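Could you slot chains B and C onto chain A? The hints should help.
Chains as they are written, first to last, in our numbering: chain A, 23 to 241; chain B, 1200 to 1308; chain C, 1085 to 1205.
A portion of the hints provided could be inaccurate.
As the list claims (entries may be wrong) - No more than 25 Å apart at the CA atoms, straight line, and that leaves these computed lysine-lysine pairs for BS3-like: (1) C:1177 / C:1140; (2) C:1140 / C:1183; (3) C:1177 / A:113; (4) A:152 / C:1177; (5) C:1140 / A:163; (6) C:1177 / A:220; (7) A:220 / A:152; (8) A:163 / C:1177; (9) A:163 / A:220; (10) A:152 / A:163; (11) C:1140 / A:77; (12) A:152 / A:113.
No wet-lab data here; the hints were simulated from the structure.
Computed from a predicted model, the values in this text were never measured in an experiment.
Below, each chain spelled out in residue letters.
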Amino acid sequence: MMKDQDHDHEHDHAESESPGHAAPKEALDEFAQVELAIRELLIERGLITQAQRRKYLDQIESSTSMLGARLVAKAWTAPDFRLQLLADARKAATEFLGIEILHGPALVALENTERMHHVVVCTLCSCYPKALLGIPPDWYKSFAYRSRMVAEPRSVLAQFGTDIPDDIEIRVVDSTADLRYLVIPRRPTGTDDLDESKLASLVTRDSMIGVSVLPEMRD
Amino acid sequence: MPRCVDAVQTVPRFGEGDRVRVQWRFPDGHIRTPFYLRGKTGTVVRSHGAFLDAERLANGLPGVPATVVYQVAFAWEDLFPAGADARGRTLILADLQDNWLDAVVQEVA
Amino acid sequence: MSKKAHNDVPADIAKGPSRAMHDLGGSSHAGTLDFTPHLLSDFERNVDALVNLLAKADINIVCPDERRRGIESLPPELYRSLTYYQRWLMGVKLILVQKGVLSDADIEQRLGEIRQRDEAR
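Looking at chain A on its own, in the form it has when it is part of the complex (with noise of 0.2 Å):
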């Protein structure tokens, strides 16, 4: 995949179709034109407006992998709470962080013991439980994560720093239909006097897509 086109600069405007004219710092590339364009139409033609966009912006703004972590520190401290995640998550999830993520695709959680491990990946297209984890990370929805997780998906965890023993099971969720997925990780030991929050603090992003594990606690 082609790394990411900011064109901040204003030499690297290659694909600029105003022919003979230095475009201006801060003008749009090809791309944010169509972008642009598009929106405009749409926003005129009443079939979506400035408020839903600002709206949008500011939830992707805000969002990052708390509320993912939350649950996880949740379904650790409290044993009927873990069971009604496995059970549905989706509900789970709706009732305890009071967010209505119902209209989105349904939730599974997937908890990882010293038996098994999960790891989550979108060989299709890029599939990602967002309202919980937030806006992936770029490695998540690059070819090489994508063609690789399924094939060698010892060698890709490795690449975390993962090392999984041979004893556990390892587990690779292919996000292949209408439904997202929450790994819980293991909790580490040495946190037993920790409380939920503290506990919420320690859960990782990486964690919860299952590319990674929870360092022990030591004092």
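Quick look at chains B and C alone, frame taken from chain A:
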């Protein structure tokens, strides 16, 4: 439009532990059955219930009749026999629409 | 989808086993993983908003499955050369035109106006 429809509308054909084979076909158009699983045999982990048919939705159609989506597990070494990654046990799980799955009646031991 | 190929042989058989460009699981596309953190640019955020608004239940102009079909219909060279959000944009544009929501002429005309505005700045 809700993406997940009421499960009672469509009864799953397969249950946990059933052996299924993914159809060996290569249609044009938008499908959600990965190439690397076509023709492979796996085991149903669970039925996710009924969903609007992605193959119809992709063409601007309403997505009905709904289809059951199953999570199916495949032994990694059955998919990538030449893989250099063999160490411990690895499963690949994917979510597949009912219209891509056939029951495996008899397997050669 | 049982669309028939032009020669009346079912497309499945006529084509034989072939992997679509986006269908990457186990393919040789490999490459190494790049862990460089990346904050979304304005362009990327704008495309994200456009595409997701069009798919919202109460708007429902281009659903995610249609958008994916759009992306998968891009010429393979283009699919591979575009960035992630460029692919989203071009995929959703293709569907908007195909469904008659916007025409190519509409978009071209507006692009002309935008370029003039840009130059006038």
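| Proposed proximity, residue 1183 of chain C with residue 1140 of chain C (alpha carbon, max 25 Å) | The hint holds at about 17 Å.
| Restraint check for residue 163 of chain A with residue 1177 of chain C, where alpha carbons must lie at most 25 Å apart | Distance ~21 Å between residue 163 of chain A and residue 1177 of chain C Cα, so the pair holds.
| Given the hinted pair residue 220 of chain A and residue 152 of chain A, is their alpha-carbon gap at most 25 Å? | Holds. Residue 220 of chain A to residue 152 of chain A sits at ~23 Å (cutoff 25 Å).
| Between residue 152 of chain A and residue 163 of chain A, does the CA-CA distance stay at or below 25 Å? | holds (13 Å)
| Has the given pair, residue 1177 of chain C with residue 1140 of chain C, been kept, meaning a C-alpha gap of at most 25 Å? | holds (17 Å)
| query | Does the structure keep residue 1140 of chain C and residue 163 of chain A at a Cα separation of 25 Å or less? | reply | Roughly 22 Å separates the two Cα atoms, so the pair holds.
| task | Assess, step by step, whether the Cα of residue 1177 of chain C is no farther than 25 Å from the Cα of residue 220 of chain A, and give holds or violated. | result | Measuring from Cα to Cα gives roughly 45 Å; hence the hint is violated.
| Is residue 1177 of chain C close enough to residue 113 of chain A, meaning Cα to Cα at most 25 Å? | Roughly 35 Å separates the two Cα atoms, so the pair is violated.
| said: With the threshold set at 25 Å, check whether the alpha-carbon distance from residue 1140 of chain C to residue 77 of chain A stays at or below it. | reply: Between residue 1140 of chain C and residue 77 of chain A the Cα gap is close to 13 Å, so the pair holds against 25 Å.
| task | Mind checking the alpha carbons of residue 152 of chain A and residue 1177 of chain C for me, to see if they're no more than 25 Å apart? | result | holds (23 Å)
| Pairwise hint evaluation, residue 220 of chain A against residue 163 of chain A, where the allowed Cα distance is 25 Å at most | violated (30 Å)
| Within a Cα-Cα threshold of 25 Å, do residue 152 of chain A and residue 113 of chain A meet the stated pairing? | With a Cα-Cα distance of about 16 Å, the restraint between residue 152 of chain A and residue 113 of chain A holds, given a limit of 25 Å.
In the structure shown, a violation is registered for the earlier hints numbered 3, 6, 9, in ascending order.
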